[in-house]
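Novice: Letter by letter, the chains look like this.
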Amino acid sequence: MTGSVKVAPTARNDRRDHLVGVATNQVTILIGVMVILVGIFSLLEPKFFSVPTANNILTDWGSVALIAVGQTFVIISGGIDLSVGAIVGLSGVVAAWTMANGLGLDQTVKGADAAPGLVVGALVAVGVGLGVGLVNAFLINVLKIVPFIATLATMGACLGFSVIISSGAPIGSANDFSLISAMDPKANPFSWTVLGVIIVIAIAGLFLHKSRFGLYTYAIGSNSFAASAAGINVKRHLTMVYALSGALAGLAGMFVYIRLGAGSPSSGTGRELDAIAAVVIGGASLMGGIGRIWGTILGALILFTVQSGLIMIGVAPDWKKVVVAVLIAAAVSAQVLQNRNGRK
Amino acid sequence: MTGSVKVAPTARNDRRDHLVGVATNQVTILIGVMVILVGIFSLLEPKFFSVPTANNILTDWGSVALIAVGQTFVIISGGIDLSVGAIVGLSGVVAAWTMANGLGLDQTVKGADAAPGLVVGALVAVGVGLGVGLVNAFLINVLKIVPFIATLATMGACLGFSVIISSGAPIGSANDFSLISAMDPKANPFSWTVLGVIIVIAIAGLFLHKSRFGLYTYAIGSNSFAASAAGINVKRHLTMVYALSGALAGLAGMFVYIRLGAGSPSSGTGRELDAIAAVVIGGASLMGGIGRIWGTILGALILFTVQSGLIMIGVAPDWKKVVVAVLIAAAVSAQVLQNRNGRK
Amino acid sequence: ASGDSTGGSAADEEITIAFVMGAESDPFFQAMKVGAEEEAAAQGVTLVWQGDPSNYSAETQIPIVDAVLANQPTALVLIPTDPVALQASVDKAVAAGVVVANVDTRVDDLSDVLTFITGDNNDGGSKAADALAAKIGYEDGGSYEVVVGLTSPTATTNVGRLDGFTAQVEAKYPGISIVDVAYSESNPEKAATNVNNWLTKFPGLDGIFAIDGTNGSGAAAALEAKGLDGTIGLVGYDAYPDNVAKIKSGIFTALIAQDPAAEARLAIKSIVEFIREGKTSTKAEVVIPNVVLDETTSADDLSKYTYVAN
Amino acid sequence: MSGELIYEVENVSKNYGSVVALDGASLKLHAGEVVGLVGDNGAGKSTLVKVLSGAHQPDAGRILLDGKERHWGSPREALDAGIETLYQDSGLAPHLTVSENVFLGRELVAPGLLGKLGFLAKKNMAREAHEDLERVGIAVPASSRSISQLSGGQRQAVAIGRAVSWARKVIILDEPTNHLGARQAGEVLEVIKAAKAKGLGVIFISHTLPHVLEVTDRIVVLRLGRIVMDAPTSEFNSDRLLGTITGSISAAGAEGE
Amino acid sequence: MSGELIYEVENVSKNYGSVVALDGASLKLHAGEVVGLVGDNGAGKSTLVKVLSGAHQPDAGRILLDGKERHWGSPREALDAGIETLYQDSGLAPHLTVSENVFLGRELVAPGLLGKLGFLAKKNMAREAHEDLERVGIAVPASSRSISQLSGGQRQAVAIGRAVSWARKVIILDEPTNHLGARQAGEVLEVIKAAKAKGLGVIFISHTLPHVLEVTDRIVVLRLGRIVMDAPTSEFNSDRLLGTITGSISAAGAEGE
Ligand SMILES: Nc1ncnc2c1ncn2[C@@H]1O[C@H](COP(=O)(O)OP(=O)(O)OP(=O)(O)O)[C@@H](O)[C@H]1O
Ligand SMILES: Nc1ncnc2c1ncn2[C@@H]1O[C@H](COP(=O)(O)OP(=O)(O)OP(=O)(O)O)[C@@H](O)[C@H]1O
Ligand SMILES: [Mg+2]
Ligand SMILES: [Mg+2]
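Chain order of the listed sequences is A, B, C, D and E. So the first sequence is numbered by the numbering used here: it starts at 1 and just counts up by one. So the second sequence is numbered by the numbering used here: it starts at 1 and just counts up by one. So the third sequence is numbered by the numbering used here: it starts at 1 and just counts up by one. So the fourth sequence is numbered by the numbering used here: it starts at 1 and just counts up by one. So the fifth sequence is numbered by the numbering used here: it starts at 1 and just counts up by one.
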């Protein structure tokens, strides 16, 4: 073909490429880490390898997985969202307050009659998270505050408001939640709420990896000048990313509310760090442009497997922080092998 | 001159350049913010404008300024150090433990006789901080763990160790510190310890802005490939940067120990966020390559002026977090005017 | 109390008691651990001591209780961080045939709980008010200013103490006004900052109620630095060794001490008794009184009530 | 010469702080015309490009497209108006693949509901990216590799392919032949000629004067942010062009057009 | 031809994952010699440069300096041995000033104790940077401006100045004339000639074949990571060189030297 700007074809070895790819693949390594952890814990405490333990781990995993998925979008876009933990607390408190005071729902409602309350609660919780996410986006896009400080500020404000609304004490739930956590934890590691989380995450994962929304998130984190030069409305997209992160944190607030049976202002304390740790263990780069949903999911699962395992094998509480630190460092450094297509 | 690769000289207006420079200068804006804050608080509560208040603010500022200065180096180099708050607690506890149990120093020593204890304590505290900094550097350089996760892990480990060593309770001091805080807070806003902090910061500032060490820190944060291509030993330099940050946090631990008269494991709780906030309010970029000591110092001063001011004007404690969030957002967004020479 | 059938039959099996407390970094729980370990050794049972390293919160405690129950202990001593949120965990334990006791704090529904042993936070708060009023030489018609250093808006123990303190002040010392409160967020340096600012803002300040050990440490340091120790009344809570030493030097007017070790010992003793003999002499609710430590307290009592860890 | 006047800037100025990068520059572009924009390093060429592409807002001056005044708030608006730009640097996202970069901002979506939700037709894009690049005369290996794994010239080829395959009205190429091999550079010139033949207006920036002389209809010379010469290419030869750029020949023909 | 053999690589190979970027390439450089390294985009030139400069470690092969085998653990070691490199991209720190970039890694320190502590002589550096750049034939405005405030060509000029002013033994220039104006590019060629006259060995990479033919003593052609031709410049003309690069002329002379 005449006039074609042909660059030299490259010598490749596709089979070797594929094998190397599998071996150094982020997800493969994480699954390996997971298997090793489960193996060690089960050896030290045979009761660890059981359905109830899996159920415990999955239940713990649920709330953090939700916010970690939102955080994955934020981190891939090159930002960070420190407000998610506080949003969990605030949205739970506001949902509880609304049901108890705003709607006057009765605490004794049982079974299917609880459904309307749940729906209202979930809407309110997600709405609160969404609102905080939009405030984050405003601070970042309009006031040009870097995400770390912008979301640190909203984190403080959310903590403040949840205390103001709740006077510091948990607000009791207006509903009985047995209908949504009714699976038998002895026979089945999943509960209805965890299944709900998995569905939400699957949808988010599809959007991240298969849709235009996800592609733009990667593009902005990779090179925001290039993204805007390609016609992407960077501000609008970042607004959606922070709104998504906030909304998922609101949903996590509802999850925690259902679990605790109460909206507690302190219920999300420190969860932002768990979420960020899960995302980074999952292989994302805090510089943006890199990260995968599968990695995040496994990262969160590893975190909670470690937490549960250490208690079951009887590590003393004061040593737990030290051991967790060592295990996380080990898990992350297992990825050194992995060949990232990072910038510089 | 023959053979010279001359690029076109640029039309410049140096006087205008200078004026624009002063008006949009980071430090100028921060001083403006400071003046406005002091003005508002003094109007609302005349007692705010007093030597004792200045003394309070400077005393609070001392410990965070120390770790914020270390953090400035880390952030300019393109990293982050979340372990500094925990180092403050650990180094204070270890210093107190060493004096009380290791050396058997007497709690009742007074006046100049206390000096040896102080020197030993300071050496131990700085040594502990330095050690943790070196562990951070090991995790980052050798195990290739990103700074956020590496220092999050050491933060957990430090918290764990300080509880293990102290059983959670403060360890009483082996000395009477009246000799080093003997200035009259009614007549003089400075104490000897604060003057000590100022000297340490001045030296650190000189090294950051005038020495090769500082230049390399900027170079690595600006483009680490270019820095290593220029022959800079990037790993060795980062090791020194994290060691410095750790050592300054250790010194801050000693400062807090002197202030409280005891080594308490919880004494640095959350200080890493204060320090990072101070650095960013001071104009540094979390992407690296940008930041100044003066900015950090003023950033920390603004933080504590706000904290003190809110107590003095009687803002209800539940609302304080919200108001702090709003004020920080306002202070940072005042810098939007400022024209950063940022990358992209 | 529980009438569960597993009660008496476990006499010959090895007894494992899981003890899930609030936050390891709090010396209160460290002192409790000492009591629990002593009693467990004395009774010849296995103790599993668990809890969050530093967070006193329901969301971190529930997974710990879940994991501990997965190990199928014989009994569970629980210090619920939230009365509503931990109810489900207690129900779950009882359903699995685990004997449950509450110490220090309780769940809403005590009907399946063997016993609830506590110090009385409300009573502690009102004793603190008495001690402070005595120190500032309260007289009717006078007017006095005091402040209260709190931990965080969500710390549940703060609530009872503050309620007791406020109620006692309103009832007996109407001339005392609580002019401000502030949070230390578990950081003694922040507690010192709060006190420093109060001293500037309220030059005539008469007294400080430091609601926990951290606030006590910070307030003591701030008063010492300004040379005001002894002139301003300072009543603290919890007998940290360091703070107890400062009663003698006159910095603390008084400390309200609980007896966490005794609470733990009684809980373990009752459980073992119930499992081995099918019943226990311990009542369904036991209140272990608070002690006021001040300069009149004997040296023996001072060391007896000081929180020690091993 | 050639077609209608399509794109025009009048008296645009732009400062970076105290640095005057553009000082009242004016430029006209007709359909089917290739204008060469030349000037010494730092003359202001890339700044003018960014004003034309909507990446920068000028401090003063007017921008007219098809005779109507326009204000570009963002590159999107200029792109929507049919103006495609190759920037001198950082126009690609290093973590995205070749085909993702080529399609960025105009992705192909799956058919039906999924498409409405923004789900991508990745395979189609990979294939069409390859075809598109070939159609405009550029071939790049393995469109599934990420940009960060390409050599300097390979990256440049993708960037050119991107700009050329989408343009509907105007193409602005800021030093497109940088990093390209001799043959590839020649092929870029062919691509420019093809675009001209299709009736597009092209602004071509280069320091390789023979290329400029070969492919342009008119040459605009910038010096210190000012247009010092604007004349048909036929009026230049290699030496005169170099002299005008460096200033050793005074810009007598500055008024010429 | 010219002086002693100073720098040599034998049979070096380098893969990026499955991409074979260098496949047993060998190259010799003598004192006072300019070697042109040419090849199509993606041929492996920049990869070879990085192996020579110590930025990458080869997967196989030997590196010899002055006849002794060396292993570069980092660029520092190669720099210390007198080998200076201009990379195709990202060789400058954007936040540092022109003079800081020129002196990076070899700062001038203040006299006395302050100097021992690493305190810098900033004014001296600013002045000397300017002088150094002029001495090697390059002038850049205002050495106190940061790199991010320069145009593409201005940046390239600083990078060249940096490499040229420090070299003691070998200079490796990867596409130095990219982004440069026609006159400035000509001046870079003069700089290369001056370096050669001083007895340095120079490796010059460029896609501008006339430049290569003008300034080199010997030309090495890379294709798909292999050396397909290594012959004195006198054996080439423009067409033969282009043909060898693209592969349309089979590399009969591959053994020649
Ligand atoms: N970081 C990387 N990861 C994977 N492949 C790479 C990487 N860098 C380069 N390559 C590949 O290695 C081969 C050689 O690249 P190199 O940069 O050495 O080429 P080059 O000869 O310098 O080309 P150009 O003239 O375009 O600069 C190319 O096929 C390129 O795609
Ligand atoms: N971000 C910036 N901040 C300050 N000055 C800048 C900035 N970008 C460019 N300049 C200055 O503006 C002037 C014009 O720069 P521009 O990039 O438009 O030049 P150019 O003609 O494209 O040069 P080149 O041929 O080297 O690419 C130069 O003096 C340059 O130093
Ligand atoms: Mg340019
Ligand atoms: Mg190259």
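Treat the hints with care, as some may be off.
[As the list claims (entries may be wrong)] Mimicking DSSO-like on lysine-lysine, the simulated pairs with C-alpha atoms at most 30 Å apart in a straight line are:
id, chain 1, residue 1, chain 2, residue 2
1, E, 193, B, 235
2, C, 304, C, 248
3, A, 144, D, 123
4, C, 269, A, 47
5, C, 269, B, 186
6, D, 123, A, 235
7, A, 210, D, 193
8, A, 210, D, 68
9, B, 186, C, 92
10, B, 47, B, 144
11, D, 28, D, 193
12, B, 210, E, 193
13, E, 122, B, 210
14, A, 186, C, 92
15, C, 135, B, 186
16, B, 47, C, 283
17, C, 269, B, 320
18, E, 198, B, 235
19, B, 320, E, 68
20, B, 47, A, 144
21, B, 47, C, 135
22, B, 210, E, 116
23, D, 198, A, 210
24, A, 47, D, 193
25, A, 235, D, 193
26, C, 226, C, 248
27, E, 169, B, 235
28, C, 135, A, 47
29, E, 28, E, 123
30, E, 116, B, 186
31, C, 304, C, 269
32, D, 123, D, 169
33, D, 28, A, 210
[As the list claims (entries may be wrong)] Label-pair distances were calculated between CB atoms; the ranges are:
id, chain 1, residue 1, chain 2, residue 2, range
34, C, 108, D, 124, 55 to 61 Å
35, B, 195, C, 109, 36 to 42 Å
36, C, 41, A, 202, 14 to 20 Å
37, E, 57, C, 46, 29 to 35 Å
[To be verified] A few chain E residues facing chain D, derived, Cβ under 10 Å:
id, residue
38, 21
39, 24
40, 39
Hints listed in this document are in silico derivations from the structure and should not be mistaken for laboratory results. Remember, it's a predicted structure, so these values are computed and weren't measured experimentally. Ideal Cβ positions, reconstructed from N, Cα and C, are used throughout, including at glycine.
Novice: Each hint: holds or not?
Specialist: A quick look at each hint next to the structure:
no., hint, result
1, 193/E <-> 235/B, "violated (37 Å)"
2, 304/C <-> 248/C, "holds (15 Å)"
3, 144/A <-> 123/D, "violated (38 Å)"
4, 269/C <-> 47/A, "holds (27 Å)"
5, 269/C <-> 186/B, "violated (56 Å)"
6, 123/D <-> 235/A, "holds (29 Å)"
7, 210/A <-> 193/D, "violated (37 Å)"
8, 210/A <-> 68/D, "violated (40 Å)"
9, 186/B <-> 92/C, "violated (60 Å)"
10, 47/B <-> 144/B, "violated (52 Å)"
11, 28/D <-> 193/D, "holds (19 Å)"
12, 210/B <-> 193/E, "violated (37 Å)"
13, 122/E <-> 210/B, "holds (8 Å)"
14, 186/A <-> 92/C, "holds (12 Å)"
15, 135/C <-> 186/B, "holds (26 Å)"
16, 47/B <-> 283/C, "violated (55 Å)"
17, 269/C <-> 320/B, "violated (46 Å)"
18, 198/E <-> 235/B, "violated (35 Å)"
19, 320/B <-> 68/E, "violated (69 Å)"
20, 47/B <-> 144/A, "violated (35 Å)"
21, 47/B <-> 135/C, "holds (27 Å)"
22, 210/B <-> 116/E, "holds (13 Å)"
23, 198/D <-> 210/A, "violated (35 Å)"
24, 47/A <-> 193/D, "violated (75 Å)"
25, 235/A <-> 193/D, "violated (37 Å)"
26, 226/C <-> 248/C, "holds (19 Å)"
27, 169/E <-> 235/B, "holds (27 Å)"
28, 135/C <-> 47/A, "violated (57 Å)"
29, 28/E <-> 123/E, "violated (41 Å)"
30, 116/E <-> 186/B, "violated (43 Å)"
31, 304/C <-> 269/C, "holds (20 Å)"
32, 123/D <-> 169/D, "holds (28 Å)"
33, 28/D <-> 210/A, "violated (43 Å)"
34, 108/C <-> 124/D: 55 to 61 Å, "holds (60 Å)"
35, 195/B <-> 109/C: 36 to 42 Å, "violated (59 Å)"
36, 41/C <-> 202/A: 14 to 20 Å, "violated (51 Å)"
37, 57/E <-> 46/C: 29 to 35 Å, "violated (56 Å)"
38, 21, "holds (9 Å)"
39, 24, "violated (19 Å)"
40, 39, "holds (8 Å)"
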